[in-house]
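Could you put together the complete structure from these sequences and hints?
Residue numbers (numbering that gives the first Met the number 0), protein chains in the order written: chain A, 0 to 361; chain B, 0 to 363.
No lab work stands behind these hints: they were computed from the structure.
All values reported here derive from a predicted model rather than from experimental measurement.
Wrong hints could be hidden among the right ones.
Examples of chain B residues toward chain A, derived with CB under 10 Å [stated by the list, open to error]:
(1) P159
(2) M250
(3) F252
A few chain A residues facing chain B, derived, Cβ under 8 Å [said to hold, decoys possible]:
(4) E66
(5) A69
(6) P72
(7) D113
Yeah, the Cβ is synthetic: ideal placement off N, Cα and C, and Gly gets one too.
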Amino acid sequence: MSLFTGAALLLSLPGAEVERIDWPGSLVAPGEILAAPVSPELRAAVRLVWGEALRRGMAMHCVARPELFADGPSRRWLRTRAPGVTQHLCLSDGHAIKPLAGLQTHVFFYRLVDRANMLALARLCRRAGELMAQVGSQVNTHLALGDDVDAARPPSVLLHAATPLEHPPPVLLPLFYNCNSDEDSANRTEQAGPVAAERLTDAARLHYLPLTETALDDSAFARVVARTVLEACFDPTRLLVLRLPAGGGERTPAQRIAAMLPALRHSGVVIPRASAGNIVFATEDLEEDHTKLARLPRHILVHDSFDFWRHTPGFYAGAEQVAVCAGPDPASPAHLPPTCLPYDVRDAYGPRAIRRRIDAAA
Amino acid sequence: MTPIMARPKITVDVRPLFETHWTGIPVFTRRLVQALLRHGGVEVDFMFHLTRISAAPVLAAIAAGTGSLLRQTFESEAAFRSEVADRSAPMLYPSVKDSFGVAAREASTVHDLSTLLMPEFHEEANIAYHLDTLARQLATDDAVFCISEATRAALLAAFPSAAGKARLLYQYVDWPEHFATVARNLPPLRLGPYAVVVGTIEPRKNLGLLLRALATQALRRSPLRFVVIGRRGWKVEQFMAELPEAARERMLFSGFVSEFTKYRLIQGAEFLVFPSIYEGFGIPALEAMSLGKPVLASWSSSLPEVVGEAGVLFDPLSVGDFADALETIAHPRKLAELAPLARSGSAAFTWQRMAAPVVEWAGG
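Written as structure tokens, this is what we have:
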């Protein structure tokens with residue numbers, strides 16, 4: 000049975016986000032989650048699914064903790080309050096997939112761009128392959144879930160954002176690169192201070208690389224990023240915006256820069272020790288309405304683990320090209336299970352998207 | 000002459016009994032061993048890491064209620080012959096297996112699936128301990144004993160292939176016989192009317208619900224105090240600091256207490272409060288019921304199965320629902336109505352019931 004079947008959909012939330020909140024009860028309306036202090040990514044995921052459910056004329060109920068409904072009275076309680084539900088969508092950060100007996104469970108990994116979450120999912124795949132085999136479908140990912148050739152390959156359901164993720168405008172910090180010290184690079188970059196987006200609009204072309212921890216764990220992709228940085232060093236007409244990986248927890252921009260630079264340093268690509276005004280780090284996603292930068296002719300380069308639904312289809316449609324880099328690099332954590340299955344990138348990123356093969360030897 | 004039928008033999012892994020302080024799984028193991036010995040339907044042998052242990056030190060540890068002596072004895076080579084366990088007999092693990100496919104027939108015990116379903120409440124090392132070998136454990140098990148229907152349902156939801164081998168293994172409560180006599184001869188506790196909360200204070204025990212509920216009208220009207228048996232930790236200080244002084248004074252934390260003190264505190268209470276988000280079984284509920292105390296429990300996981308008709312259930316994530324349920328159970332008429340149901344409910348969980356499925360499995 001497909002995900003959007005029946006009169007109502009049941010959505011469950013990941014425990015780590017639930018734990019921080021005093022819920023009004025075990026079953027809540029989606030609006031209450033949107034109003035709660037959950038992460039922007041979770042809020043966006045709830046909004047995305049709810050919007051689709053409404054579009055299909057379905058109600059949506061949310062359970063904070065599906066593990067409560069293990070047996071007897073608790074299941075009856077749920078059936079009484081959420082009648083007509085046959086499908087359960089588990090919003091997962093990768094640390095757990097929580098089945099609900101009697102319902103078909105689907106999964107939406109909404110935050111696998113964080114290294115800790117991807118590694119947690121890899122562990123879960125190893126530990127609970129049978130659980131993976133029961134997943135009815137996966138929302139916005141194309142993963143083989145499991146530990147071996149028998150890995151489950153649940154069909155993908157792609158949902159596109161109507162509105163971008165909520166976040167403040169990005170701070171743009173011009174790169175200073177010192178190949179001998181990530182901390183020095185990060186500190187000097189931060190000390191130089193932000194640059195106004197208007198000062199960068201003279202560029203002939205924008206290359207936008209939204210980086211994530213999971214993407215940079217793929218050494219082949221890290222090499223592509225390093226080469227793109229190197230090319231920008233020699234071509235001042237090209238503006239390169241590197242969106243910093245968010246990572247977990249509260250970190251300063253300098254800490255985030257220092258955390259991502261080792262991926263470039265270990266790439267084998269030599270990057271000159273210099274301050275490059277046309278290469279900037281962005282602390283947040285670049286959106287069409289945030290700066291004038293997005294109006295430049297632009298190329299977007301993403302890893303195949305990127306959560307494309309962070310942006311609206313319009314964002315990708317405005318690009319000259321969207322290159323989706325795909326491995327495999329069996330030696331990198333990003334390609335431990337779960338592996339990303341081949342898929343038509345145009346379904347996720349629109350008609351201008353192309354698949355770009357990368358490999359460790361390139 | 001009637002031929003004497005040989006009893007089937009079973010080897011029980013007693014690693015949990017090597018712990019110094021027995022709570023949870025060590026107590027479960029102790030009860031299981033005692034139930035099997037009392038039943039007599041199987042010949043019981045013991046092992047630790049596939050090394051045979053004679054019965055004497057195990058029984059001495061059970062009598063002492065601690066594993067420290069057992070550990071010392073085991074490590075003393077003079078006392079042991081370093082004999083390997085009998086792999087021809089079925090091997091029963093009261094918890095996680097440490098060996099796979101050694102004996103022709105093996106069984107393990109699943110207490111709960113919280114490391115799989117609620118990893119946010121566990122350290123990664125604990126998750127790895129329980130889950131890294133679970134699939135292999137299930138694959139090499141002839142039987143998987145689950146300590147409640149809820150645990151069995153949770154296991155099968157994640158590992159459907161275990162359906163043919165998952166069996167129920169309910170435990171029971173066995174207060175030492177002298178507790179009742181000694182308690183009868185002591186003056187009553189001077190705590191006023193109170194409800195008791197038993198268990199380690201950790202997030203999934205959901206004590207925060209009770210603390211938040213203290214601010215509700217229903218609890219402000221109630222004369223009850225709340226005695227928490229367990230150390231004071233996990234956000235309790237933060238919650239307590241946010242409470243008005245009058246509410247703070249209604250919370251008492253006993254810290255770690257002896258089994259007898261726990262017995263007395265439950266015996267003196269009006270009822271037990273058990274707000275857990277998730278339990279594999281919920282032995283404190285059964286302990287309270289055995290003393291005729293009704294249980295105010297969440298309707299989560301295994302708790303309805305254990306509490307049955309002997310309590311009032313509530314939504315563990317709803318302060319309002321909890322406050323309403325507390326008002327209901329605290330009424331003297333309701334307490335009087337539930338007390339006999341608590342005793343009869345607990346009487347359904349016996350050592351015979353615990354031993355039976357194991358004896359049946361051992362008999363092949």
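The hints, checked one at a time:
At a threshold of 10 Å, the smallest CB-CB gap from P159 of chain B to chain A is about 6 Å, leaving the interface hint in force. Interface restraint check: M250 of chain B against chain A, minimum CB-CB distance 18 Å, threshold 10 Å, status violated. Interface hint at F252 of chain B: violated, since its Cβ lies 21 Å from the closest Cβ of chain A, which is beyond the 10 Å cut-off. Taking 8 Å as the C-beta cut-off, the interface hint given for E66 of chain A holds, the closest approach to chain B being about 4 Å.
At about 4 Å, the closest approach between the beta carbon of A69 of chain A and any beta carbon in chain B falls short of 8 Å, and the interface hint on this residue holds. The beta carbon of P72 of chain A comes within 4 Å of a beta carbon in chain B, closer than 8 Å, and the hint placing it at the interface holds. Below 8 Å, beta-carbon pairs count as interface contacts, and D113 of chain A has none with chain B, the closest being about 15 Å; its hint is therefore violated.
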